[in-house]
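**Student:** One letter stands for each residue in the lines below.
Number of protein chains: 2
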Amino acid sequence: MAKKSFPLSKVYGLLEPGPVVLLTTASKTKANIMTMSWYTMMEFEPPVVGCVISNRNYTFNILKSTKECAINIPTLELAEKVVGCGNSSGRQIDKFNVFGLTQVTASCVKAPLIGECYANIECKVVEEKMVAKYNLFILEVLKAWIDPTRQNPRTIHHRGRGIFMVAGETIRLPSKMK
Amino acid sequence: MAKKSFPLSKVYGLLEPGPVVLLTTASKTKANIMTMSWYTMMEFEPPVVGCVISNRNYTFNILKSTKECAINIPTLELAEKVVGCGNSSGRQIDKFNVFGLTQVTASCVKAPLIGECYANIECKVVEEKMVAKYNLFILEVLKAWIDPTRQNPRTIHHRGRGIFMVAGETIRLPSKMK
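Which chain is which? The protein sequence lines are L and F, in order. Quick note: the first sequence, position 167, residue 195 per my numbering, numbers continuous. Quick note: the second sequence, position 85, residue 113 per my numbering, numbers continuous.
Please note: incorrect hints may appear among the correct ones.
All copies of an identical chain are treated as equivalent in the list; a pair is satisfied when it fits inside any one copy or across any two copies.
Said to hold, decoys possible - With a Cα cut of at most 27 Å, we get these calculated BS3-like pairs of lysine-lysine:
#, residue 1, residue 2
1, K109, K206
2, K171, K152
3, K161, K92
4, K95, K157
5, K31, K152
By construction, these hints were calculated from the structure, which means they are not laboratory data.
One chain only, chain L, in its complex shape (with noise of 0.2 Å):
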């Protein structure tokens, strides 16, 4: 599957809508992925992320050490590799081995992305001073890809203990919103 560079403002409308997404990130030894809901955007261009990554995480050191990482979007067909990903931890397992997910190298992060997903979003770490208090990290966008052959993903949403809200139909109401 062949991925499409994604315009940078157009972003927001790809996690503003709440999907469970899967970060990954690189050590100097592996890469890891982690499930994660608590995000939220903050700015339109450059997309602006915050995330909260509990520092019980794998990922919390790797993302303090090496400060890059990739959101990537998955859809329905996943959903039994996220929750195995929110359900293990990279200290003990190679998530990428053993759940089947394909690395793909990305532009600008050492971070791979995740194959299988419809969308990659390659980040940086631009802010760390929420990080010890409330374990927020604040992103910057970089780069981000998406599968033109995808015309309504359907994204799944976290409601709690493995409970899962699918997109559903999709609405458009005369708008001046962004």
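Start from chain L and add chain F according to the hints.
**Tutor:** Chain F alone, transformed into the frame defined by chain L:
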């Protein structure tokens, strides 16, 4: 519609899926409503929520001075009012009046709750260090309410420019995730 008290330990499950919400505030002279999608859960219990509110919004200064608000979660049938609130400013109009929404008295904050929304979450501002640079307010949830008759609320999720994804089917996977 009589709302029931909702456990604070379960509030994350309302917000984590990423629905558009209506943020209510009250100044000395009037109550206001702001349409909001840029927020994230930050802690389970007591629940902490990070909200990005542009300093161009009427709500910004009211929240800075009163340090209280409510997060109200609308469903599909309120979509036109949600867009109406997003396309207008409390500087010019009384949104409760113009959009025909019902003010319900909250128990812990002066900001009114929106009667038509299926869930209401009363909050106070607990951190303003990231307001100047990122417009990020950090809120603690004091009290939450839910309409017990709404089993599968059809929340709406903003993709940008008035295009919304409507909550679809629910799937349940075995999970140790919270």
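**Student:** Work down the list of hints and note, for each, if the structure agrees.
**Tutor:** To see whether the hints hold, each was checked on the structure:
1. K109 x K206: Cα proximity of K109 and K206: across copies only (16 Å, versus 33 Å in one copy).
2. K171 x K152: within (10 Å within a copy, 36 Å between copies)
3. K161 x K92: Answer is both; intra-copy 14 Å and inter-copy 21 Å each pass.
4. K95 x K157: both (13 Å within a copy, 22 Å between copies)
5. K31 x K152: within (21 Å within a copy, 43 Å between copies)
Checked against the numbered hints given earlier, the structure satisfies every one of them.
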